[in-house]
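This is what each chain is made of:
Number of protein chains: 2
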Amino acid sequence: MINVRADEQELRILREEVAQITEKIIELLALRNERSRAIGQLKRRMNVALLDLNAEKDLRERIARVAQRHGLDPESTQRTLTFLFQESLRQQSSIEDREGPRITHMDIFRKAKQLESSGQKVIHLEVGEPDFGAPLEVHRTLSEAAISGYAKYGEAKGLPELRERIIEYLDERFGVRRSPQEVLVVPGGRFGVYAAAAALLSPGDEQLVIDPSWPLYKQAAQLLHARPIAIKTTLEDSWLPRVEDVENSLSSATRLLVLNSPNNPTGAVIDRRLMEEIVEVCRKRSIYVLSDEVYMDYCFTEHYSVLETGYEKSLMLMSFSKSWGMTGYRVGFLVGERAMIDRAASVQAMLMTCVPEFIQRAAFKALEDNETPKVYGRVMKERISEICKWLDSMPVSYMRPRGGMYVFPKIDVKGIDTAEIALKLLEKDRVAIAPGTAFGDYKDHLRISAGTSSEEIAEGLRRLKTYVDSYRRPPLGVKDF
Amino acid sequence: MINVRADEQELRILREEVAQITEKIIELLALRNERSRAIGQLKRRMNVALLDLNAEKDLRERIARVAQRHGLDPESTQRTLTFLFQESLRQQSSIEDREGPRITHMDIFRKAKQLESSGQKVIHLEVGEPDFGAPLEVHRTLSEAAISGYAKYGEAKGLPELRERIIEYLDERFGVRRSPQEVLVVPGGRFGVYAAAAALLSPGDEQLVIDPSWPLYKQAAQLLHARPIAIKTTLEDSWLPRVEDVENSLSSATRLLVLNSPNNPTGAVIDRRLMEEIVEVCRKRSIYVLSDEVYMDYCFTEHYSVLETGYEKSLMLMSFSKSWGMTGYRVGFLVGERAMIDRAASVQAMLMTCVPEFIQRAAFKALEDNETPKVYGRVMKERISEICKWLDSMPVSYMRPRGGMYVFPKIDVKGIDTAEIALKLLEKDRVAIAPGTAFGDYKDHLRISAGTSSEEIAEGLRRLKTYVDSYRRPPLGVKDF
Numbered sequence: 001m002i003n004v005r006a007d008e009q010e011l012r013i014l015r016e017e018v019a020q021i022t023e024k025i026i027e028l029l030a031l032r033n034e035r036s037r038a039i040g041q042l043k044r045r046m047n048v049a050l051l052d053l054n055a056e057k058d059l060r061e062r063i064a065r066v067a068q069r070h071g072l073d074p075e076s077t078q079r080t081l082t083f084l085f086q087e088s089l090r091q092q093s094s095i096e097d098r099e100g101p102r103i104t105h106m107d108i109f110r111k112a113k114q115l116e117s118s119g120q121k122v123i124h125l126e127v128g129e130p131d132f133g134a135p136l137e138v139h140r141t142l143s144e145a146a147i148s149g150y151a152k153y154g155e156a157k158g159l160p161e162l163r164e165r166i167i168e169y170l171d172e173r174f175g176v177r178r179s180p181q182e183v184l185v186v187p188g189g190r191f192g193v194y195a196a197a198a199a200l201l202s203p204g205d206e207q208l209v210i211d212p213s214w215p216l217y218k219q220a221a222q223l224l225h226a227r228p229i230a231i232k233t234t235l236e237d238s239w240l241p242r243v244e245d246v247e248n249s250l251s252s253a254t255r256l257l258v259l260n261s262p263n264n265p266t267g268a269v270i271d272r273r274l275m276e277e278i279v280e281v282c283r284k285r286s287i288y289v290l291s292d293e294v295y296m297d298y299c300f301t302e303h304y305s306v307l308e309t310g311y312e313k314s315l316m317l318m319s320f321s322k323s324w325g326m327t328g329y330r331v332g333f334l335v336g337e338r339a340m341i342d343r344a345a346s347v348q349a350m351l352m353t354c355v356p357e358f359i360q361r362a363a364f365k366a367l368e369d370n371e372t373p374k375v376y377g378r379v380m381k382e383r384i385s386e387i388c389k390w391l392d393s394m395p396v397s398y399m400r401p402r403g404g405m406y407v408f409p410k411i412d413v414k415g416i417d418t419a420e421i422a423l424k425l426l427e428k429d430r431v432a433i434a435p436g437t438a439f440g441d442y443k444d445h446l447r448i449s450a451g452t453s454s455e456e457i458a459e460g461l462r463r464l465k466t467y468v469d470s471y472r473r474p475p476l477g478v479k480d481f
Numbered sequence: 482m483i484n485v486r487a488d489e490q491e492l493r494i495l496r497e498e499v500a501q502i503t504e505k506i507i508e509l510l511a512l513r514n515e516r517s518r519a520i521g522q523l524k525r526r527m528n529v530a531l532l533d534l535n536a537e538k539d540l541r542e543r544i545a546r547v548a549q550r551h552g553l554d555p556e557s558t559q560r561t562l563t564f565l566f567q568e569s570l571r572q573q574s575s576i577e578d579r580e581g582p583r584i585t586h587m588d589i590f591r592k593a594k595q596l597e598s599s600g601q602k603v604i605h606l607e608v609g610e611p612d613f614g615a616p617l618e619v620h621r622t623l624s625e626a627a628i629s630g631y632a633k634y635g636e637a638k639g640l641p642e643l644r645e646r647i648i649e650y651l652d653e654r655f656g657v658r659r660s661p662q663e664v665l666v667v668p669g670g671r672f673g674v675y676a677a678a679a680a681l682l683s684p685g686d687e688q689l690v691i692d693p694s695w696p697l698y699k700q701a702a703q704l705l706h707a708r709p710i711a712i713k714t715t716l717e718d719s720w721l722p723r724v725e726d727v728e729n730s731l732s733s734a735t736r737l738l739v740l741n742s743p744n745n746p747t748g749a750v751i752d753r754r755l756m757e758e759i760v761e762v763c764r765k766r767s768i769y770v771l772s773d774e775v776y777m778d779y780c781f782t783e784h785y786s787v788l789e790t791g792y793e794k795s796l797m798l799m800s801f802s803k804s805w806g807m808t809g810y811r812v813g814f815l816v817g818e819r820a821m822i823d824r825a826a827s828v829q830a831m832l833m834t835c836v837p838e839f840i841q842r843a844a845f846k847a848l849e850d851n852e853t854p855k856v857y858g859r860v861m862k863e864r865i866s867e868i869c870k871w872l873d874s875m876p877v878s879y880m881r882p883r884g885g886m887y888v889f890p891k892i893d894v895k896g897i898d899t900a901e902i903a904l905k906l907l908e909k910d911r912v913a914i915a916p917g918t919a920f921g922d923y924k925d926h927l928r929i930s931a932g933t934s935s936e937e938i939a940e941g942l943r944r945l946k947t948y949v950d951s952y953r954r955p956p957l958g959v960k961d962f
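In the order they appear, the protein sequences are chains H and C. Sequential numbering from 1 applies to the first sequence in this note's numbering. Sequential numbering from 482 applies to the second sequence in this note's numbering.
Hints were generated in silico from the structure; no laboratory data involved. Keep in mind it's a predicted model, so treat the numbers as computed, not measured. Among the hints, a few may not be true.
[As the list claims (entries may be wrong)] A short, non-exhaustive set of chain H residues, derived as facing chain C with CB atoms under 7 Å:
hint	residue
1	Glu10
2	Leu14
3	Glu27
4	Leu28
5	Ile63
6	His70
7	Leu72
8	Ile147
9	Tyr194
10	Pro203
11	His225
12	Gly328
13	Leu351
14	Glu357
Don't be surprised by glycine CBs; every beta carbon is placed ideally from N, CA and C.
When you get a sec, could you build the whole thing from the sequences and use the hints?
Listed below in structure tokens is the structure:
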């Protein structure tokens, strides 16, 4: 009885101490936030970026020493610092700073669909969906599998036969031998990106992305409360990252680098040498590489896969949407080291159970067809040429794509905002084009998709040309004095 | 020039202040962690639970006052406290405490599949998949849609025709009028749970779950770094939560309550009155209710939907897997207030684009068929009766299910561990049954599924009876003195 009361009293005392320590932490946090806001104001006056990775890095190192002295474990320290950095950024960003709702290609797509449902005809140069459709044999296989009732729960990683076939495909294509346990059949490339990120990222971890980039890469990291860090590339650098920029963007919190070659939206292709250099940087720091290679068959030069580097911490993502026109089937695959694929498979089992078996059987059929991806690749190359021909007659700068299904021109008109152009073009001229802001800090760029027929592309670009030309001319009645 | 240097100096000074404040916070955190560990030791000695919601609640209120005094905004305060509480729990749990890898029904399922692939025959009483299969008309519709090439990207929320049909279904079934904008077609019930949770939960938010529960509810919260809080129900209470237990589990961080009726694994059904009382508690505190009603057609009494309460913060989840045997199709729907459905749809658009159109067309066809769900419901009721008949001859206690496709008996043998039983039964007798530990703190329970034929069920239960009976008898050669 006395012991119990002594214990209870001790618990009360300890709890009171914890409460008092908590109060002090909160007081210090209020003070820290106030200073963070002052730094934010100062940075705005100095016109420097709010996020300063070097300052964070210095502070991380300094604090690590203090933490060690006080016996705080490194994991707690890392978590706490990440938490405090996020709070600082929140305080530094005033409401005006916070990124407003950016117009993305999805917004333009939705708006275009609305116009269409009210009876208007729209030319779609905004979507990432080729108009090809799946080969007839694939449709037929799906149809037969459906009638045969192949619709039961199966292994999360995918049908063993399909994974075996994927292994063969990787061998034929890249000369790499992988095991079926290193393959995860995913319900589309998007889910593949998420599953890989979920397998790897904890809150506060950093994920490097090469901008301009498909928005999903950053969104997936944010959904996991990790932090996307953009490495900006430019038209002048042919949209390729410099190895030193990758190196300088690394911190002790970096866990994953996302690559995308052929690239959406720029059409840049990472060649063997650059891929090996980037992988080398990651290897030294044990950083994972997720390489999104869904446009590999729309490559007008040699495609080099991350799997060919032999780097064990690399994950390769492929989808059936582009190579076989199977967009609405929602199926692809992720390849990588067993442990990571197992973790990604757990996430998939949790959220999806598995990809429907009839779809997996259709995917199996697609892999027997080597011809369709080649045909689709050739058509895409011709369409891209057509787009470039039109662009050559406009006041724009662009890099001729080496792959992919988009061109990413810069409109050479001062002070232009392509989000505005995209909206006006859609409303007035019924042409849907994605603004550059969807892919990072590129408000003078547009992404033109080659997903539709040559005729539509020609008509869409004719309208774009008329619009851009009119933009350059001074308005009527205004003379140049 | 001078101004620039002054600014730079000011920035340096501010940064140094931030660094020093950060050092102090880290020192305090080290001290706080040390006290937390002491509390953990004391609690273990006193044999009380580590997680103490009341202590947390008191501290939250006390700190809120301090924070206000120091001008810290309530959101920052909430985030910080949640962060500190998580750290405390980490410190209080010693390695032995941390939950080891629990054996779930999925582990048993995988192990059973392994045995089968080595040529063994296994009786499956562990899976949540009925053996019914989809109606022929549904297979046929899928097949025709596949041949017609209905495989393009579509709206994230689902085909407008399908959502219109779902609206009619809800009206016919529950007499509620909803709008198509309040419906999201999801790729299976699992994804529906995740999409709803992702729309609602921020890190540190609390989600209430009624135990025993399908593991996914907690897993989805954890994937979002929210915190699942279990309300334990017992066989003695007919597996229903008391309203006061729900009330007492609420904190200022509670955001969502998950209900599942008919229940997996217990077969409990929440009637109109209890549903209304629970909803009333949530309404007072503006807490969302996610009601998983996928077993609604396997209900042997009246099924009452959360939608019938009219509570605007309720979300209802339904799937085609059980009612029409469409497990491997991966399709279901979520219904709720527009703002939440829009958020869930954004998450789905991000991770999946949409559910394949040919699957949605098959789902549309299923909704025209009112007969199949009734037939499947009747068969399930008969099988449950069969299971109960067997259980009546064993040393077990159980509640006769009022719905669902499982029975959740307690094995009345002292010190029994059903995870061990489940493994032995599978290895020796080739019967796969889910251990109670998969669904919460229920190690003397088993979940028996009625997903397989009556013959298999009878044979599986015969083997279980033999096993349990032998468990009661003293081992050979040991006499009872």
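Hints and how they fare:
1. With its C-beta approaching chain C no nearer than about 6 Å, Glu10 (chain H) sits inside the 7 Å limit, and its interface hint holds.
2. Contact between Leu14 (chain H) and chain C, as hinted, is supported at the beta carbon level, the nearest pair being about 5 Å apart and thus within 7 Å.
3. With 7 Å as the threshold, the beta carbon of Glu27 (chain H) comes within range of chain C, its nearest partner Cβ sitting at about 5 Å, so the hint holds.
4. Of the supplied interface hints, the one on Leu28 (chain H) holds, with its beta-carbon coming within about 5 Å of a beta-carbon of chain C, less than 7 Å.
5. For Ile63 (chain H), the interface hint holds, since its Cβ comes within 7 Å of a Cβ in chain C; the closest pair sits about 6 Å apart.
6. At a threshold of 7 Å, the smallest CB-CB gap from His70 (chain H) to chain C is about 4 Å, leaving the interface hint in force.
7. For Leu72 (chain H), the interface hint holds, since its Cβ comes within 7 Å of a Cβ in chain C; the closest pair sits about 4 Å apart.
8. Below 7 Å, beta-carbon pairs count as interface contacts, and Ile147 (chain H) has one with chain C at about 5 Å; its hint therefore holds.
9. Because the closest C-beta pair between Tyr194 (chain H) and chain C is about 5 Å apart, less than 7 Å, the hint holds.
10. Because the smallest distance between the Cβ of Pro203 (chain H) and any Cβ of chain C comes to about 6 Å, under 7 Å, the interface hint for this residue holds.
11. Contact between His225 (chain H) and chain C, as hinted, is supported at the beta carbon level, the nearest pair being about 6 Å apart and thus within 7 Å.
12. A distance limit of 7 Å between C-beta atoms decides the matter here; for Gly328 (chain H) the minimum to chain C is near 4 Å, and the interface restraint holds.
13. For Leu351 (chain H), the interface hint holds, since its Cβ comes within 7 Å of a Cβ in chain C; the closest pair sits about 5 Å apart.
14. Using the Cβ-Cβ criterion of 7 Å, the hint placing Glu357 (chain H) at the interface with chain C is satisfied: the shortest such distance is roughly 6 Å.
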